[in-house]
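Full structure from sequences and hints, please.
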Amino acid sequence: MKLFLQKKLKNKGQVGETLTWIVATILIIIMMVFFIFGASLLGGTKKIGSYRPDLLSGSVSEASAPFLQKSLFTYVSIGSSTKKIMIDKALLKMANAGSFEVDYNKTKKETLLRYNNR
Amino acid sequence: MIRKLENKKGDKLLSVYWFAILVIVAVGIVLMVNTFYGKDYDVRKDEATILAQKAADCIYPSGKLNPEAFSSQSGFREDFRDKFLDKCSMNFSIKDTLQRPPYYIEVGFFSEGNLDKQEFLISHGNKNWKGDCENSASDRTKLATCVSKEFYAKGDSDTYYLVKILSIVGKVEENTN
Numbered sequence: 001m002k003l004f005l006q007k008k009l010k011n012k013g014q015v016g017e018t019l020t021w022i023v024a025t026i027l028i029i030i031m032m033v034f035f036i037f038g039a040s041l042l043g044g045t046k047k048i049g050s051y052r053p054d055l056l057s058g059s060v061s062e063a064s065a066p067f068l069q070k071s072l073f074t075y076v077s078i079g080s081s082t083k084k085i086m087i088d089k090a091l092l093k094m095a096n097a098g099s100f101e102v103d104y105n106k107t108k109k110e111t112l113l114r115y116n117n118r
Numbered sequence: 001m002i003r004k005l006e007n008k009k010g011d012k013l014l015s016v017y018w019f020a021i022l023v024i025v026a027v028g029i030v031l032m033v034n035t036f037y038g039k040d041y042d043v044r045k046d047e048a049t050i051l052a053q054k055a056a057d058c059i060y061p062s063g064k065l066n067p068e069a070f071s072s073q074s075g076f077r078e079d080f081r082d083k084f085l086d087k088c089s090m091n092f093s094i095k096d097t098l099q100r101p102p103y104y105i106e107v108g109f110f111s112e113g114n115l116d117k118q119e120f121l122i123s124h125g126n127k128n129w130k131g132d133c134e135n136s137a138s139d140r141t142k143l144a145t146c147v148s149k150e151f152y153a154k155g156d157s158d159t160y161y162l163v164k165i166l167s168i169v170g171k172v173e174e175n176t177n
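Sequence order for the protein chains is A and B. Position one of the first sequence corresponds to residue 1 (my numbering), numbered consecutively onward. Position one of the second sequence corresponds to residue 1 (my numbering), numbered consecutively onward.
The reader is advised that the hints may include incorrect statements.
[To be verified] Lysine to any residue pairs mimicking SDA-like chemistry, simulated, CA-CA at most 25 angstroms apart:
#	chain 1	residue 1	chain 2	residue 2
1	B	Lys64	A	Tyr104
2	B	Lys39	A	Leu41
3	B	Lys117	B	Gly75
4	B	Lys64	B	Asp79
[Claimed, not checked] Listing some non-contacts, in silico: residues in chain B with all C-beta distances to chain A over 12 angstroms:
#	residue
5	Lys83
6	Ile122
7	His124
8	Ser138
9	Val172
Since the hints were made in silico from the structure, they are not lab data. All C-beta atoms, glycine included, are put in the ideal place defined by N, C-alpha and C.
Given below as structure tokens:
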């Protein structure tokens with residue numbers, strides 16, 4: 001009788017342990033699927049061209065706005081002050097709309113300085 | 001003796017289980033790395049910007065409109081429009097195929113008097129992509145990438161032009177994996 005009870009108890013313990021491992025395995029698999037899904041979502045957000053600002057030097061940021069540079073060159077080289085004001089207004093509007101990646105006023109100042117030093 | 005044998009059997013079963021878990025975790029890590037690094041980089045926007053920049057540098061190279069494109073006597077030149085790709089060292093055709101090019105470029109010139117009226121237009125490439133630019137769908141992976149840039153260019157004497165460049169890169173199949 002004692003031996004029978006002991007065997008039954010041991011069987012119960014084994015069932016409990018197996019159940020624990022099955023649950024653990026299922027949890028591991030669920031976590032794996034979750035992380036794989038997360039990796040796939042993050043993989044879609046990869047982008048080229050967005051660098052940390054502290055990694056960029058001034059010359060790089062200036063080179064990244066060649067269209068603004070061209071417009072500013074037109075602005076400084078044109079003689080008529082009325083036309084200058086018109087161009088400046090249009091460029092300021094574009095800057096406010098976020099068309100340039102660089103600071104418009106700073107770039108304008110630098111271009112003016114460079115042009116006046118010629 | 002019997003208990004010892006049973007324990008050994010249990011240990012063996014447990015080590016098989018651990019091995020299976022190890023395999024599951026390893027396969028999971030490989031899958032995670034593969035899905036993250038296996039996704040393509042969509043560089044079409046940068047490509048379109050470079051294309052627009054190249055066109056702008058060709059038209060307005062050093063603070064003066066390209067004399068091949070514009071002359072003070074005859075204004076904008078038709079022959080430059082026809083040979084725009086050659087003159088600006090661009091090649092839209094895909095090697096050894098008769099496929100339509102995945103690129104389109106459009107350069108519009110607007111004179112200072114009336115910035116709404118287009119005075120001269122240069123366009124080359126596959127015009128079919130242009131429709132994608134007007135599409136307002138939120139998921140743009142299956143649409144061509146459009147980049148529009150504009151700048152002011154000084155003409156002859158004291159006149160200026162607003163130059164609007166629209167560059168489009170298709171390559172939709174390559175970017176919809």
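Sort out which numbered hints this structure fails and list those numbers smallest first.
-> Violated hints: none; all satisfied.
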